[in-house]
Amino acid sequence: MIVVVIVSAVLLAGAAAMALIRAEKGPSMLDRTIALDIVVSVLVAAIALYAAVDRRADVVPILVVLSLVGFIGSVTISRFASVEPEGEGRVRTREEIAAEEAERIRAEEEAEAERRARRAKDAEHSGKDTGEGH
Numbered sequence: 001m002i003v004v005v006i007v008s009a010v011l012l013a014g015a016a017a018m019a020l021i022r023a024e025k026g027p028s029m030l031d032r033t034i035a036l037d038i039v040v041s042v043l044v045a046a047i048a049l050y051a052a053v054d055r056r057a058d059v060v061p062i063l064v065v066l067s068l069v070g071f072i073g074s075v076t077i078s079r080f081a082s083v084e085p086e087g088e089g090r091v092r093t094r095e096e097i098a099a100e101e102a103e104r105i106r107a108e109e110e111a112e113a114e115r116r117a118r119r120a121k122d123a124e125h126s127g128k129d130t131g132e133g134h
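Under the UniProt record's numbering, the residues of the sequence shown are numbered 1 to 134, in order.
These aren't lab readings, by the way, just hints derived from the structure by calculation. Treat each hint with caution, since some may be false.
Cβ-Cβ distance ranges computed for the label pairs, FRET-style [claimed, not checked]:
no., residue 1, residue 2, range
1, R79, A107, 34 to 40 angstroms
2, P27, L49, 49 to 55 angstroms
3, V64, T93, 38 to 44 angstroms
Ideal Cβ placement from N, Cα and C applies to all residues, glycine included.
Kindly produce the complete structure, drawing on both the sequences and the hints.
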């Protein structure tokens, strides 16, 4: 009996750890929602394992409440996610942020170079215009 309990506890701990990693990495809000729903389910299973080992029936209301909280939380978040525009709520990776920042800086440098070239061209034309007229 004790071997079954230990194996079950290790499997639950592994599932919780993997779900927490998925919640941290994302990348979308739905990934995080599902991961946190798994964490709640693992918590319910761990309490049920405890209740079975110690033969305690008084924790059944706790199991019911946790199950309802997990269900209502998942439904609520999925309703918000269903109307979320594409790309919103998505957490970008460091590489994506760095690439976007580099692109923004490059575009600003190109715009500045174009402005300088335009100013130099305008100054050259205005210099020729004033020089030719005298």
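Checklist entry - Can you give the numbers of the hints that this structure goes against, from lowest to highest? => result As far as the earlier hints go, only 2 is violated by this structure.
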